[in-house]
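**Q** Sequential numbering from 31 applies to the sequence shown in my numbering.
Keep in mind that the hints were calculated from the coordinates and are not lab data. Any given hint could be a false lead.
Claimed, not checked - Each computed SDA-like pair below joins lysine to any residue, with the alpha-carbon atoms no more than 20 Å apart:
hint	residue 1	residue 2
1	K81	L50
2	K81	R63
3	K81	R34
4	K81	N65
5	K81	A62
6	K81	L47
7	K81	G33
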Amino acid sequence: MCGRFTNRLTWREIVALYRLSIPATLERNLPARYNICPTDIIDAVIDREGKRELVPMRPDTLLQTAHGNSSIH
Numbered sequence: 031m032c033g034r035f036t037n038r039l040t041w042r043e044i045v046a047l048y049r050l051s052i053p054a055t056l057e058r059n060l061p062a063r064y065n066i067c068p069t070d071i072i073d074a075v076i077d078r079e080g081k082r083e084l085v086p087m088r089p090d091t092l093l094q095t096a097h098g099n100s101s102i103h
């Protein structure tokens with residue numbers, strides 16, 4: 031069985047937690063998700079040229095990339 035996880039944070043909580051380069055006032059609607067599987071598209075925090083951004087990715091791709099890149103959170 032694959033690993034599953036949840037996302038219950040609001041947009042403002044994510045911006046504050048990861049110190050994103052995007053202003054918290056540009057809110058996005060991020061509904062809570064409680065059964066995310068490795069093939070679902072999620073928002074991942076990445077570091078690009080010193081700026082943290084949220085980009086859509088699949089968790090299985092994120093895990094493969096994270097093994098060779100420590101700038102993925």
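**Q** Failing hints, ascending?
**A** Violated: hints 2, 3, 4, 5 and 7.
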